[in-house]
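*Asks:* Protein sequences, first through last, are from chains A and B.
Under our numbering, the first residue of the first sequence carries the number 70, and numbering increases by one thereafter.
Under our numbering, the first residue of the second sequence carries the number 9, and numbering increases by one thereafter.
What the hints contain is simulated information worked out from the structure, not anything from laboratory work.
Ideal placement from N, C-alpha and C gives every residue a C-beta, glycine not left out.
Be aware that one or more of the hints could be misleading.
[Claimed, not checked] Below are the SDA-like pairs computed for lysine to any residue, each with C-alpha atoms no more than 20 Å apart in a straight line:
1. A:LYS149 / B:ALA220
2. A:LYS149 / B:VAL229
3. B:LYS33 / A:ARG187
4. A:LYS149 / B:LEU231
5. A:LYS149 / B:VAL219
6. A:LYS149 / A:LEU125
[Stated by the list, open to error] Selected chain B positions facing chain A (Cβ under 10 Å, derived; list incomplete):
7. GLY21
8. ALA22
9. LEU26
10. THR27
11. ARG31
12. ASN152
13. GLY209
14. ARG216
15. ARG221
16. HIS223
17. ILE225
18. VAL229
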Amino acid sequence: MSAPAAIETRGLCKSFGALPVASDIDFRLERGARHALIGPNGAGKTTFVNLVTGALAPSAGRIFLGGEDVTALPQARRVKRGLSRTFQINTLFRGLTVLENVALAIGEHMGVAGDLLRPAGSRREVIERAFASLERLGIAEEAGRLVHELPYGRQRLVEIAVALGLEPKVLLLDEPAAGVPGAEHGTIVETIESLPADIAVLIIEHDMDLVFRLARRITVLVQGSVLLEGTPQEIAEDSRVREVYLGEREHR
Amino acid sequence: MTATTPAGARDEGAIAALTRRHRLKPLEALPWAAAIAAYFLFPSYLPLGAQVLIMVLFALSLDLILGYGGIITLGQAAFFGVGAYTAGLLGAHGWSEPITGLLAAAAVAGALGVVTGLIVLRTEGLTLLMLTLMINVMLYEAANKASTVTGGSDGLQGVVIDPVLGLFRFDIFGRTAYLYSLAVLFLAWIIVRTVVHSPFGRSLTGIRENVARMHAIGSPVLLRRLTAYAIAAALSGVAGALLTQATQFVGQESLGVDRSGGVLIVLILGGFGRLYGAFVGAPLYMIAQDRLSAYDPAYWPLAIGGLLIAVVMLARGGVLGLCDTVLALLRGKGTR
Chain A
70 MSAPAAIETR GLCKSFGALP VASDIDFRLE RGARHALIGP NGAGKTTFVN LVTGALAPSA
130 GRIFLGGEDV TALPQARRVK RGLSRTFQIN TLFRGLTVLE NVALAIGEHM GVAGDLLRPA
190 GSRREVIERA FASLERLGIA EEAGRLVHEL PYGRQRLVEI AVALGLEPKV LLLDEPAAGV
250 PGAEHGTIVE TIESLPADIA VLIIEHDMDL VFRLARRITV LVQGSVLLEG TPQEIAEDSR
310 VREVYLGERE HR
Chain B
9 MTATTPAGAR DEGAIAALTR RHRLKPLEAL PWAAAIAAYF LFPSYLPLGA QVLIMVLFAL
69 SLDLILGYGG IITLGQAAFF GVGAYTAGLL GAHGWSEPIT GLLAAAAVAG ALGVVTGLIV
129 LRTEGLTLLM LTLMINVMLY EAANKASTVT GGSDGLQGVV IDPVLGLFRF DIFGRTAYLY
189 SLAVLFLAWI IVRTVVHSPF GRSLTGIREN VARMHAIGSP VLLRRLTAYA IAAALSGVAG
249 ALLTQATQFV GQESLGVDRS GGVLIVLILG GFGRLYGAFV GAPLYMIAQD RLSAYDPAYW
309 PLAIGGLLIA VVMLARGGVL GLCDTVLALL RGKGTR
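So that you can see chain A by itself, here it is in the shape it has in the complex (with noise of 0.2 Å):
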């Protein structure tokens, strides 16, 4: 028996309706992996983020984390067991600060957020850890912005912020360049590049080229169902893919 993977889903499938959005998945994202998930629009990627964090129930299937089965299990508790997050649009606190975006999640993290009496703000070391961490992403100067003045582009930065203020096990990044402009996607390449290698990451992403600098296995998802998965040349060379990415097969 190999050791247990950091995500393993065994035949996860989900039906909106009639509609299928995925079938019979499996898949497993190693420890400390820097793994891709790409495919065309409407492919269910998001779908498939949002079953293994439990925004979704799977219609069939089981998923793991770690090894144990969460599949029952609410997001919160999947959170807890170190499961984070970003969103392909921009899902955060806006009419509040930058700072306070991450403290709220590293006051989570810590086990602090349910307390109804001693103040928020005497709690020195949340605050100190949240702007440690808009430090290390380099967004430290936009510490006291509210997060909806702030460009499209930062506020990603903001997102991927606000995951790793859990200081997650495992990270799912949803298309973590999009809306950014490409002279900031080098910001987001060397922050993900610069993550703990014991983090097991999993990027959906469009942006091939960020796709190749960055993943060492890479699944293809196709109509809900894995097409292919294999290295970065595999999927390359592969001419499947390149049938589903060039070809006129797919409308959507």
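Got chain A sorted already, so can you dock chain B onto it with the hints?
*Replies:* Chain B alone, transformed into the frame defined by chain A:
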């Protein structure tokens, strides 16, 4: 405007904004000074004054869930009314001690908050609005039908309330009712203020701002909302019980849906999610209602409606929001 600040200083500012937010500001003494001044300045208006204070408390409890938690409700009078009947039934059946009456009202209303919250808080938006409204309507009708217990539409008579602490009798000038309500409001304000500045309170704000993100950072969202809902329900129950004790009577309208709407109007007028919207909105609404209904007993709601439209159109953050805007404009001019 902030571009002139050096980056380093702004960093510290961001931290300070969080670490200092819960500290008391001098301006926060203003409502209490005003309430005490009103006691001496308007001795003949103390019964109305007590009603204003009770409305402040009621609106403050709503602010916790609506302004901070983003839980939109049209049924908060359910808890107000249940608190009012709890205190009234105790007073009518031999339990006349007022403070334990308040605590009993808080417990009953809070328990109702937990039970109904477990159902309604699984929904959002319009569904939530309708469910809270329906619970309110059902309780109102239940009180109507159970007239042998509640007195039905005649109201609950024969409520006897002992002097507060065995010393201060509820007098016809409303002095005791006013000061008693003020003391209870002060305690409730300490509770709500503590809660909104706590990590729990900040996570409520997070739920209001973006519930999907709260799930994704591992927050037990339902538990947080339920806790807030129960606290607000208990405080609304205390407000209802205060009204019972101050008037020694429980009218069926304490459970009325228009009370749920009224408290919402108070909070919108004052400005929600700011802790002090209730303190501005309640006097504004109650005094306007008192003056206008003396002027024209039939059509006074028309003027209140006009006021509400003006606030919603011109000052989205209510009166306090308007103050913020004006101050920001003045400051902007000052630095130029």
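*Asks:* Which hint numbers does the structure go against, in order from smallest to largest?
*Replies:* Hint 12 contradicted; others consistent.
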